[in-house]
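Engineer: The chain contents come next:
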Amino acid sequence: MEFLWNGLKEAFNLWIHGDAEIIEITLRTLAISAVATAVALFIGVPTGAVLALKQFRGRRFIVALVNTGMGMPPVVVGLVVAIFLWRSGPLGGLNLIFTPTAMVIAQFVIAVPLVVGFSMASIQSLNPRLLEQIVALGANRLQLLWLLVREARLGLLAALMAGFGAVISEVGASMMVGGNIAGETRVLTTATVLETSRGNIEIGIALGVMLLVLAYVVNLVVTGVQQQRRAT
Amino acid sequence: MRPRLPHLILTAPLLVALLVVACSGDDALILATTTSTENSGLLDDLVPIFEERSGINVKVIAVGTGAALRMAAEGNADALLVHAPAAEKELVQSGDVINRRLVAYNDFVLVGPPDDPAGIRGERDIETALAGVAAAEARFISRGDDSGTHKKELALWAAAGLDPAGNWYEESGQGMGSSLTIADQKEAYILTDRGTFLALGPTLDLEVLSEGDPELINIYSVMQVEPGKGQINADAAAAWVAFLLEPETQDWIEAFRREEFGRSLFIPTRGRSEAETIDDFAAGASE
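Listed in order, the protein sequences are those of chains A and B.
Numbering of the first sequence is given in this note's numbering, commencing with residue 1 and proceeding in unit increments.
Numbering of the second sequence is given in this note's numbering, commencing with residue 1 and proceeding in unit increments.
The set of hints was computed from the structure by calculation and includes no laboratory data.
These numbers come from a predicted model, not from an experiment.
A virtual CB, placed ideally from N, CA and C, is assigned to each residue, including glycine.
Treat the hints with caution; some may be incorrect.
Partial list, computed: chain B residues near chain A (C-beta under 10 Å) [unchecked claim]:
(1) Thr35
(2) Asp44
(3) Val47
(4) Ser54
(5) Val58
(6) Ala62
(7) Gly166
(8) Asn167
(9) Gly175
(10) Met176
(11) Ser179
(12) Pro202
(13) Leu204
(14) Pro227
DEER-style ranges, computed between Cβ atoms [claimed, not checked]:
(15) A:His17 with B:Gly262: 23 to 31 Å
(16) B:Gly228 with A:Gln55: 52 to 60 Å
(17) A:Ala20 with B:Asp125: 47 to 55 Å
(18) A:Leu4 with B:Leu204: 39 to 47 Å
(19) B:Glu207 with A:Ala64: 54 to 62 Å
(20) B:Glu51 with A:Val75: 27 to 35 Å
(21) A:Val225 with B:Val92: 56 to 64 Å
(22) B:Glu51 with A:Leu4: 30 to 38 Å
(23) A:Asn67 with B:Ala238: 48 to 56 Å
(24) B:Pro202 with A:Trp15: 18 to 26 Å
Given the sequences, and given the hints that come with them, work out the whole structure.
Structural biologist: If you want it as structure tokens, here you go:
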């Protein structure tokens, strides 16, 4: 218990003194996971909408794939992305291994099935007559998608939170494709592993607390947006 | 109502593009190294000195020595700083690495719980000490990760004529720091490099029980990956090797955390050969 208490004190100290490295790691964590989640939304929401609305051959196969992907172990994603990005791999020429971009790619792969799955479920749960109505009013495809997104926004914000929550808390893939390089690819989760293995338990706890606070603040903001309309 | 979706369509790829630009490091040096150099903090302080002086960006990837050697063989790293002389020489032989130079050494120690159930405290002969652990079937944690320390541990068991197996012999599969914590929590024996043990010392109950056998020397070498393997950054790797061998750097390594622990975590080899270094260690150990 002493460890925990010291860790909390250490976390408080790091916050108060604005430890430059911790702040940098926190901002990097936020940036990488936010970009990965944004790209996952950009690709995942339309894909989810198509899977929800269209009937086509092989749809069931794809939906099963998405559902499997929702529980995909990040470390497996990390390994596969790493194999592609290593210099000896097919995309080695891009020089992306051990960069934040590589981490964005891996986190995107982790987040996208979650976003697709949640989007599909929330759009499917809309009243089917709504769709007919929108089409009858002469909306084009983009307008249709946009209106559906508006209607399903509660579920889609849940998709956002699930995707973001998965990638910001993920450690295996970030370690493998990012390499936990100080000043470049060290994020809160990988820094926590490193400091703990160095015996700096207090700093490990401090980083862990930082991660929890970050995740909480982001979810608080998103929840605020989600629940806003309900109140009015 | 105007759809606002295009904003997102524009913003997301832009952010990705920004990130790519911000971090494209074609001239960066990928240095594959061991968890022991990272856990002791040596490279945290040494790498920035090199980066500032040379203008080369270094990406330090801490993995087990086995993985580091594999990265070199596949051309996935530019330079190595590792501690498995026998395996390193194989890579030199096969032409995967060039310019292998000794940098520093320290030693392995056998640590264990203070009550020492195997009764090996003070036993200098490491093979006798290990035989004692095996005979008592006292719990022993092996790294089990093909790291330099793991290779050394297996070589020592083999030298003692023992094949460790059974419930008492467990593999952690993790880095040195994490494995020490596991051994500490399980009140087990474990072979560790002295540097990591000293660095973690305050958090552990484990004590050094067997040390000083000349067999226990732990030599760190630097080398560069054969430049013909694709996109190897050979100039940066050569500069890194040269930097580590400079007298100033060697002084710096000797002084690293010496005040804190009352002894150097890494003793520079200062251009001596492997045989000379082993003699030095044996002479120092018998004092």
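Engineer: Can you name, in rising order, the numbers of the hints this structure does not satisfy?
Structural biologist: Per hint list: 4, 7, 8, 14, 18 violated.
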